[in-house]
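These are the residues of each chain, in order.
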Amino acid sequence: MNYILEGLVKAFQLLLRGDPETYSAIRVTVQVSTYSMLASLCLGLPLGFLLGYGTFPLKKMVRTLVDTLLSLPTVLIGLIVYAFVSYRGPLGEYGLLFTLPAIAIGQTILALPVVVALAATAVESLDQRLHTTLLTLGANPRQFLLSNLWEARFGLLAAGVAAYGRVLTEVGISMMVGGNIKWHTRTITTAVALETGKGQFGMGIALGLVLMAIALTVNLSLFFLRKRTRH
Amino acid sequence: MTRTKQVLAVALMFVAVTGFIAPAGAENQVLKMATTTSTDNTGLLDYLAPRFKQDTGVELQWVSVGTGKALELGRNCDVDVLLVHAPAAEKKFVEEGHGVDRRQVMYNDFVVIGPRTDPAQVRGLAVADAMKKMARDKAIFVSRGDDSGTNKKEIGLWKKAGIEGIDKEAWYVQTGQGMMATINVAAERNGYTLTDRGTYITYENNQKGNPPLVILVEGDPGLFNQYSVIPINPAKCPDTKFDLAKKYSDWMASEPIQQFIGDFKLLDKQLFIPNAK
Numbered sequence: 001m002n003y004i005l006e007g008l009v010k011a012f013q014l015l016l017r018g019d020p021e022t023y024s025a026i027r028v029t030v031q032v033s034t035y036s037m038l039a040s041l042c043l044g045l046p047l048g049f050l051l052g053y054g055t056f057p058l059k060k061m062v063r064t065l066v067d068t069l070l071s072l073p074t075v076l077i078g079l080i081v082y083a084f085v086s087y088r089g090p091l092g093e094y095g096l097l098f099t100l101p102a103i104a105i106g107q108t109i110l111a112l113p114v115v116v117a118l119a120a121t122a123v124e125s126l127d128q129r130l131h132t133t134l135l136t137l138g139a140n141p142r143q144f145l146l147s148n149l150w151e152a153r154f155g156l157l158a159a160g161v162a163a164y165g166r167v168l169t170e171v172g173i174s175m176m177v178g179g180n181i182k183w184h185t186r187t188i189t190t191a192v193a194l195e196t197g198k199g200q201f202g203m204g205i206a207l208g209l210v211l212m213a214i215a216l217t218v219n220l221s222l223f224f225l226r227k228r229t230r231h
Numbered sequence: 232m233t234r235t236k237q238v239l240a241v242a243l244m245f246v247a248v249t250g251f252i253a254p255a256g257a258e259n260q261v262l263k264m265a266t267t268t269s270t271d272n273t274g275l276l277d278y279l280a281p282r283f284k285q286d287t288g289v290e291l292q293w294v295s296v297g298t299g300k301a302l303e304l305g306r307n308c309d310v311d312v313l314l315v316h317a318p319a320a321e322k323k324f325v326e327e328g329h330g331v332d333r334r335q336v337m338y339n340d341f342v343v344i345g346p347r348t349d350p351a352q353v354r355g356l357a358v359a360d361a362m363k364k365m366a367r368d369k370a371i372f373v374s375r376g377d378d379s380g381t382n383k384k385e386i387g388l389w390k391k392a393g394i395e396g397i398d399k400e401a402w403y404v405q406t407g408q409g410m411m412a413t414i415n416v417a418a419e420r421n422g423y424t425l426t427d428r429g430t431y432i433t434y435e436n437n438q439k440g441n442p443p444l445v446i447l448v449e450g451d452p453g454l455f456n457q458y459s460v461i462p463i464n465p466a467k468c469p470d471t472k473f474d475l476a477k478k479y480s481d482w483m484a485s486e487p488i489q490q491f492i493g494d495f496k497l498l499d500k501q502l503f504i505p506n507a508k
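Note that the protein sequences, when read in sequence, are chains A and B.
Residues in the first sequence are numbered consecutively from 1, following the working numbering.
Residues in the second sequence are numbered consecutively from 232, following the working numbering.
Rather than coming from a laboratory, the hints here were simulated on the basis of the structure.
Among the hints, erroneous ones may be present.
Dumping the calculated SDA-like pairs for lysine to any residue here, alpha-carbon to alpha-carbon at most 25 Å [claimed, not checked]: (1) K182(A) x K300(B); (2) K467(B) x G92(A); (3) K182(A) x Q438(B); (4) K300(B) x I181(A); (5) K300(B) x Y82(A); (6) K496(B) x Q200(A); (7) K10(A) x N436(B); (8) K300(B) x L79(A); (9) K363(B) x P350(B); (10) K439(B) x Q13(A); (11) K439(B) x Y3(A); (12) K369(B) x A392(B); (13) K364(B) x P443(B); (14) K300(B) x F84(A); (15) K300(B) x H184(A); (16) K322(B) x R88(A); (17) K439(B) x R88(A); (18) K182(A) x F455(B); (19) K363(B) x K391(B); (20) K300(B) x Y94(A); (21) K284(B) x G18(A); (22) K439(B) x L5(A).
Chain A with its partners taken away, still in its complex shape (with noise of 0.2 Å):
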């Protein structure tokens, strides 16, 4: 029992004198998530009020595969990623295994069918009022995309705190294709999975609690936005 307290002592430790290592993992976490978040939601909003309005062949069948996609296992993403980005592999030449930029293509490939999925239900769900109301008006396309994703902002919002969730839970990619090199790909989950192997909980504890500090501003200011954009 003890070495849980003296975990937990030890977390606040780190956290509070400000440990290089401890702040390196964190700093390096906020970064490839906000690179794969910013991605999947630039490729995945649109792609989701394609899937959520439009009707084109096979609408169905698009649909089950991107739900299907919603379980993809981290660990065959990571998988993928590597063959692909390994020396020997088609994307090779950039040098990208073990690199931030390699995370952040795997999380983008982890967030996407999120995004994409429940951007699509946001936008189901509207009035179908909204759209003879917007053409009747006038609006270009573009006017008229923006202004839907606008309408489903609160569903679209609930799509990026789920992928979000995803992005900042997963370990497998990370470790994979990130290697967990000290100070540079060193993420807060594949840092708790390696000081939880090396028997060092005070660490692990002080990065849990972290990891579960930035949920919960995320959250919290996702709720302030929702609050503020209210009619």
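Please arrange chain B on chain A, whose structure you already have, making use of the hints.
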């Protein structure tokens, strides 16, 4: 409009944060190394890397994996240099042309550790006898099971002791993880394991000098553990930073750094013994 501005402000904040924390100095020279978990877990590389940076200006980045995986990373040209300990596999690696100028830099030795109570009574035995006894008593033995240097050594020891087909035995536990993680599993299961001495001393240090697992078999000539540096062959991997890898290899073998490696101690015990020629 104010709403849009707010959203924009939040977005800008994110960009600012990420821009601010983007790694500085991309022009730094970086050497990528694949190494074994023992050099990382003991803290040796944390001790060496700043000195290397200071002496040469080159930043050493490493991934710590088993030797088997490290060799694989070298074969795929994903790293520039290796620091590993599995002589037979290394020689094959060099013969196949993947690496050049393999250089021995230091050694430590393997030890068999187990519970203080020593249920299989192997304390002080020669390693082959100890292995036979553990197998006969079906004492819990925790193996790395990850094709690492230590794992290759352990498999070799079973073979030498004439014991085969233990892969699926209930008492033979394969973790597939690093050395320190494996020692921790052995401690949890009250079992035996084979480890390099450096990682064991680090473990002892983590346990504040009162570890549940103690050294039971040591000093057998069959337990010698040689570490080598192997730069990746530029003929096979045109983009490899051969000059930096060579610089690292020369640096590791240089007189002052050999001394520096010898000075690396935990609990007043030397972890690695330099032996570059």
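Which hint numbers doesn't this structure obey?
17, 18
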